[in-house]
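Peer 1: With the hints as your guide, set chain B onto chain A.
Number of protein chains: 2
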Amino acid sequence: MLEAKTEIIAVGSELLLGQIVNSNAQFLSKQLAEIGINVYYHTVVGDNAERLKQAIKTAQERANIIIFTGGLGPTKDDLTKETIADVLGKKLVTNEEALANIQDFFDKTKRVMSENNKKQAIVLEDAEVLKNETGMAPGMGVEVDGRFYILLPGPPSEMKPMFTNYGQQFLIDKLGIQDKIISRVLRYFGIGESKLETDIEDIIDAQTNPTIAPLASNDEVTLRLTAKHTDEAEAMKLLDEMEEKINARVGEYCYGYEQTTIMGELKKLLHEKNLTIAAAESLTGGLFSEQLTAIEGASQIFKGSIICYTNEVKEQLLKVSSGTLENEGAVSAACATEMADNIREITGSDIGISFTGVAGPDSLERHPVGTVFIGISMTDRETEVHEINWAGSRNAVRTRTVKFGCHYVMQMLK
Amino acid sequence: MLEAKTEIIAVGSELLLGQIVNSNAQFLSKQLAEIGINVYYHTVVGDNAERLKQAIKTAQERANIIIFTGGLGPTKDDLTKETIADVLGKKLVTNEEALANIQDFFDKTKRVMSENNKKQAIVLEDAEVLKNETGMAPGMGVEVDGRFYILLPGPPSEMKPMFTNYGQQFLIDKLGIQDKIISRVLRYFGIGESKLETDIEDIIDAQTNPTIAPLASNDEVTLRLTAKHTDEAEAMKLLDEMEEKINARVGEYCYGYEQTTIMGELKKLLHEKNLTIAAAESLTGGLFSEQLTAIEGASQIFKGSIICYTNEVKEQLLKVSSGTLENEGAVSAACATEMADNIREITGSDIGISFTGVAGPDSLERHPVGTVFIGISMTDRETEVHEINWAGSRNAVRTRTVKFGCHYVMQMLK
Chain A
321 MLEAKTEIIA VGSELLLGQI VNSNAQFLSK QLAEIGINVY YHTVVGDNAE
371 RLKQAIKTAQ ERANIIIFTG GLGPTKDDLT KETIADVLGK KLVTNEEALA
421 NIQDFFDKTK RVMSENNKKQ AIVLEDAEVL KNETGMAPGM GVEVDGRFYI
471 LLPGPPSEMK PMFTNYGQQF LIDKLGIQDK IISRVLRYFG IGESKLETDI
521 EDIIDAQTNP TIAPLASNDE VTLRLTAKHT DEAEAMKLLD EMEEKINARV
571 GEYCYGYEQT TIMGELKKLL HEKNLTIAAA ESLTGGLFSE QLTAIEGASQ
621 IFKGSIICYT NEVKEQLLKV SSGTLENEGA VSAACATEMA DNIREITGSD
671 IGISFTGVAG PDSLERHPVG TVFIGISMTD RETEVHEINW AGSRNAVRTR
721 TVKFGCHYVM QMLK
Chain B
321 MLEAKTEIIA VGSELLLGQI VNSNAQFLSK QLAEIGINVY YHTVVGDNAE
371 RLKQAIKTAQ ERANIIIFTG GLGPTKDDLT KETIADVLGK KLVTNEEALA
421 NIQDFFDKTK RVMSENNKKQ AIVLEDAEVL KNETGMAPGM GVEVDGRFYI
471 LLPGPPSEMK PMFTNYGQQF LIDKLGIQDK IISRVLRYFG IGESKLETDI
521 EDIIDAQTNP TIAPLASNDE VTLRLTAKHT DEAEAMKLLD EMEEKINARV
571 GEYCYGYEQT TIMGELKKLL HEKNLTIAAA ESLTGGLFSE QLTAIEGASQ
621 IFKGSIICYT NEVKEQLLKV SSGTLENEGA VSAACATEMA DNIREITGSD
671 IGISFTGVAG PDSLERHPVG TVFIGISMTD RETEVHEINW AGSRNAVRTR
721 TVKFGCHYVM QMLK
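Protein chains in written order, with our numbering: chain A, 321 to 734; chain B, 321 to 734.
Quick caveat, the hints were computed from the structure, so don't treat them as lab data. Please note that the accuracy of each hint is not assured.
Heads up, the list lumps identical chains together, so a pair's fine if it works in one copy or across two of them.
[To be verified] Computed list of lysine to aspartate or glutamate pairs in EDC-like fashion (alpha-carbon distance at most 20 Å, straight line):
(1) K325 to D367
(2) K411 to E370
(3) K593 to E417
(4) K350 to D367
(5) K500 to E561
(6) K593 to E323
(7) K439 to E702
(8) K350 to E334
(9) K325 to E370
(10) K439 to E707
Remember, it's a predicted structure, so these values are computed and weren't measured experimentally.
If we strip away everything but chain A, and leave its shape as in the complex, we get:
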């Protein structure tokens, strides 16, 4: 197999003006890494034929795979394929299928196609046309003098599906890549990154296939397992075995796979057990309820919440006793307990969860910023209260509080 040296060239003056970030290069780099193709350079150049030409020549000296994004549209500024054709000494020809696709696009939106749109159906001769399923301009893949050139549109909504569905396969075929590479992300909560890495240190040190990549962010740790095998089923088996080995040690903290969230897993669990939840939110100001209802499928598990930002609302609407508020304060285990119990009863839900504490920037009732009480009330069980103290911004405190709330409810239900 050819030793891949890839350069990704993004064409567009809007990148050089800082109006947008080059997220296309990041996406492509990630996708290429997953099939074992090295990326050596990213380049950004403006909508300028002369500078683009020079950039292509520079890339030819140092790369054997050159991927372009942007400049395939219908306007005068779009000059990527014309410039590449010029450098490679290739003709441009109209692709009938692409033209029909563009015509179809206008028909569907009931607009008349202007003449300049036909320009988008023009492709490099001998190129493999990469279909644009979410837009008009087709992409291309072509081999010239032992180098591979791939042309992709600039808008990420068009570029991403085109590369995933067609561009990647073009490279796999042309480079004769045999291995299937499959990844799986395991998500952990309630365990710190260093503790997790220490617990499985010998497994990480001995990794070969699958590889193990830990990543910590937003109070969570993920492990990305990546297995390589010519047979997809075998690669999957390697992942299964590694997952089992790791989770024999730290499985109690593993809450899900891939892009799931703790809130998403809590919702799944509530649906499975056919339970409803309601919240009494003070410092979180509605964040728990908002996240619970942000994604569809909340109406069977959620009736409503009370946001009680003042003691007045805690007392009158949520029926927290004035004695508790006077003697213990709003930021107290006693208040969290009453809030959780009462919201459950008031709404007739199976579970009541409460959040009270100090989000900051000022301290409250002599508690420092970051003091939080989370109460969880369930039928026929003693109400649990978790006191937590953490550092961080107002936003971080609120977000962590909601995550830990979900985590504690799941622990009680399991």
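Peer 2: Frame of chain A; chain B shown alone:
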């Protein structure tokens, strides 16, 4: 003045693996555009001395300002300054001030400085040292053979303040930039982009100084005015005059400046008028209250809310009459009115706002997705209800609903 041709070189293998996006290049491009400096290329290269050396040589052929980010840290991978020193034939020397700063950093965090950290205090001879106020590794600016080289650290939290506070001034001084360039962003809500542009078309067409750049996103339109003048006060005057000219036509839709939000402006107005607000949230599920309390300073204007996701909660907790729910339905002007009136009374607030409607994905009570009623109740005024119908995802419907809610309250208060 030298005609600036800038290349920004980001050094770091994590960029080529797609683990992070090159947001540094975007930030620097924007900052450079604001002082009138052209950026012609962005390059990303890995932590590899040979390839970095070649990238520097390529940049020397096509640029006269070369800005590096990344590779100034203490580890073996960090080789930016060593490689540049090599290409430029410059010595590396220890900078005592930088060394003291690093020592100070360790003292403050009560850790012992390991030997490799001293490497960070080494700088190119003859370079102007750019102070790192948020980290350890200092930056550098140096002129060699008519080209300007600027070295900045990779972490955005260090790079951004260093460039804004020192790097930009280095360029302004060295290039003899006389003009001050000042921007002002005007924010509009409740008017579409095309309507706004049509209303001020002749002003946009005649723009010279200030320039006018419209941008639409998330139901808002912004106009960025940028004025240039050797005298800052004169540049400011140009902005004032242009703002007045534009807002003589579309001022009723202009709600604020720069990075403000509609929620932020509503909060400001409530504080000014010393008023409190409470919400009854159905389809928005807590989003209004969450946004209201996300940023500090809500406790004087906000007592609490009821999230009433089911008719049961609307009836029992929010006291919406069963007649209204049976005859008109939960998605109705009548229900929105009662919700707004009742939440105001229950919480003893000056203003009650209600949100009821269909967020999707399924229709409700035979109303299509996107049907929304917003109710606003104030003391001594007739309760207003706004019916809106819009297309979009669940998330888009909820977000727009909250924005329009803020907008309507502000209109009533003005």
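Peer 1: Taking the numbered hints from earlier one at a time, note which ones the structure violates and give those numbers from smallest to largest.
Peer 2: Hints 3, 6, 7, 10 are the ones this structure does not satisfy, whereas the remaining hints hold.
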